[in-house]
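S.K.: Residues per chain, in single letters:
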Amino acid sequence: AQSVTQPDIHITVSEGASLELRCNYSYGATPYLFWYVQSPGQGLQLLLKYFSGDTLVQGIKGFEAEFKRSQSSFNLRKPSVHWSDAAEYFCAVEWEYGNKLVFGAGTILRVKS
Amino acid sequence: NAGVTQTPKFRVLKTGQSMTLLCAQDMNHEYMYWYRQDPGMGLRLIHYSVGEGTTAKGEVPDGYNVSRLKKQNFLLGLESAAPSQTSVYFCASSRNPGLAGAAISSYEQYFGPGTRLTVT
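Chains as they are written, first to last, in the numbering used here: chain A, 1 to 113; chain B, 1001 to 1120.
In case anyone wonders, no lab produced these hints; they're calculated from the structure. Keep in mind it's a predicted model, so treat the numbers as computed, not measured. Careful: at least some of the hints might be erroneous.
To be verified - Only pairs whose alpha carbons sit at most 25 Å apart, straight line, appear in this in silico BS3-like list of lysine-lysine:
1) B:Lys1070 to B:Lys1014
2) B:Lys1014 to A:Lys100
3) A:Lys100 to B:Lys1057
4) A:Lys100 to A:Lys49
All chains should be built: construct the whole structure from the sequences, respecting the hints.
M.R.: Spelled out as structure tokens, the structure:
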């Protein structure tokens, strides 16, 4: 079965430090790739998405992600983390028509001052 | 626009009780979805609908039923609640990416704020 793996359950970074959250997906047809963020007690908000073209995509809140087909990865990055970035981040992949998203288990980001 | 709304926000049920969760969207989206979110497991698709009057099973459909009588509403029912159904439930909606000339943005799913359900 197709799957999405986020290897890090928790990550703690200092405010102002850089951030990289990892996401790998199982092999399949060209996927559509998404990163969502969930603040405590809130729904999911789309950060960015990749469908085709430039493999480095820019999103909201200063986030970016890079699609690497050879590694089946779509890692999320931010050069300087702010305390307000503390949240849970989900990678999601769509492989087939019908908008069936498969989510990773999520990575909880803690930001220390 | 309110986007995607969910009712109720919180609910506590006893084992065996039934309830219906309501999802409403005002974006005229064709597709609607119900997910459950459990710690360490991300979101898993329960059921989805590609249009009014149609529903289909997702990854974890057992113990749930759904109905899409109106385009803007998608109901999730639990006929006999079990403790294993304690979870946070999210509804989402999107456009139909299969329509001719559909924009890439059609693939984006918009999520509601969630319903926290506890079954004791």
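S.K.: Next step is simple, just say for each hint if it's right about the structure.
M.R.: Results of checking the hints against the structure:
A distance of roughly 30 Å separates the Cα atoms of Lys1070 of chain B and Lys1014 of chain B; the hinted pair therefore is violated under the 25 Å criterion. For the given pair, Lys1014 of chain B sits about 32 Å from Lys100 of chain A by alpha-carbon distance, which is inconsistent with the 25 Å threshold. A threshold of 25 Å between alpha carbons decides the hint, and for Lys100 of chain A with Lys1057 of chain B the separation of about 11 Å falls inside it, so the pair holds. Annotation: proposed proximity of Lys100 of chain A to Lys49 of chain A holds, straight-line Cα distance about 15 Å (limit 25 Å).
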